[in-house]
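Engineer: What follows is each chain in one-letter form.
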Amino acid sequence: AQKITQTQPGMFVQEKEAVTLDCTYDTSDQSYGLFWYKQPSSGEMIFLIYQGSYDEQNATEGRYSLNFQKARKSANLVISASQLGDSAMYFCAMREGPFSGGYNKLIFGAGTRLAVHP
Amino acid sequence: EAGVTQFPSHSVIEKGQTVTLRCDPISGHDNLYWYRRVMGKEIKFLLHFVKESKQDESGMPNNRFLAERTGGTYSTLKVQPAELEDSGVYFCASSQDRDRGIYEQYFGPGTRLTVT
Chain R
190 AQKITQTQPG MFVQEKEAVT LDCTYDTSDQ SYGLFWYKQP SSGEMIFLIY
240 QGSYDEQNAT EGRYSLNFQK ARKSANLVIS ASQLGDSAMY FCAMREGPFS
290 GGYNKLIFGA GTRLAVHP
Chain P
45 EAGVTQFPSH SVIEKGQTVT LRCDPISGHD NLYWYRRVMG KEIKFLLHFV
95 KESKQDESGM PNNRFLAERT GGTYSTLKVQ PAELEDSGVY FCASSQDRDR
145 GIYEQYFGPG TRLTVT
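Going line by line, the protein sequences match chains R and P. Start counting the first sequence at 190; every next residue gets the next number (our numbering). Start counting the second sequence at 45; every next residue gets the next number (our numbering).
Calculated directly from the structure, the hints in this document are not laboratory data.
Simulated coverage check for chain R against chain P, where a stretch passes if three residues somewhere in it have a Cβ under 8 Å from a Cβ of chain P: (1) 226–240; (2) 294–302.
Quick list of the computed label-pair ranges, beta carbon to beta carbon: (3) R:S230 x P:T64: 25 to 35 Å; (4) R:Y243 x P:S102: 18 to 28 Å; (5) P:G84 x R:S231: 18 to 28 Å; (6) R:G251 x P:A46: 18 to 28 Å; (7) P:L128 x R:Q246: 46 to 56 Å; (8) R:A270 x P:T62: 44 to 54 Å; (9) P:G72 x R:G251: 20 to 30 Å; (10) R:Y243 x P:R108: 36 to 46 Å.
Glycine is no exception: its CB is placed at the ideal position from the N, C-alpha and C atoms.
The task is simple: from the sequences and hints, build the whole structure.
Structural biologist: Have a look at this one:
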């Protein structure tokens, strides 16, 4: 069965430093997608970054990058130059199956709570 | 462009009562999803609509949950009768349907349901 594992319930980082949030996944599908979402204290889920299983390069979006290691089935999120506003819950998620059709549900990990200290 | 909206933001009901949650997706998004996060557990998929059709309802916990999306616009999720274990945060998300590439799901702020 497909599964997402986030082994770090909580992390803290000093402002302006980089931090890596771990995510490993398990799937037998060849085609899948990996997402990271941020959930601040206000509750909304904010999409951060996406990596497709066939993408050869690691995804980057501003200060966010995804360290995708397919053989190890890991998709760690790297946040560079942390800011106080980065303090939030971070969820790794996987979409199973092909890009379209009825395979769009996301499977989430348990989340990692990140605290950025000044 | 307005995001995904959900109503109410918080609902407190007694066991055995009925509650209806509403989700308005981003205009033009054919795909609408419901998820929920029960306290201390992962966010779990409930079901997926494509327009007004249920594409996948494999995550619906039991027949006390009924989701509808009449006309392919907004969706409602009714819990009847509510049980204590239904307490949690119910998220709605929507996405476009593209052939390839990213089609990230945009989430609403969630409805926090408390069953007492």
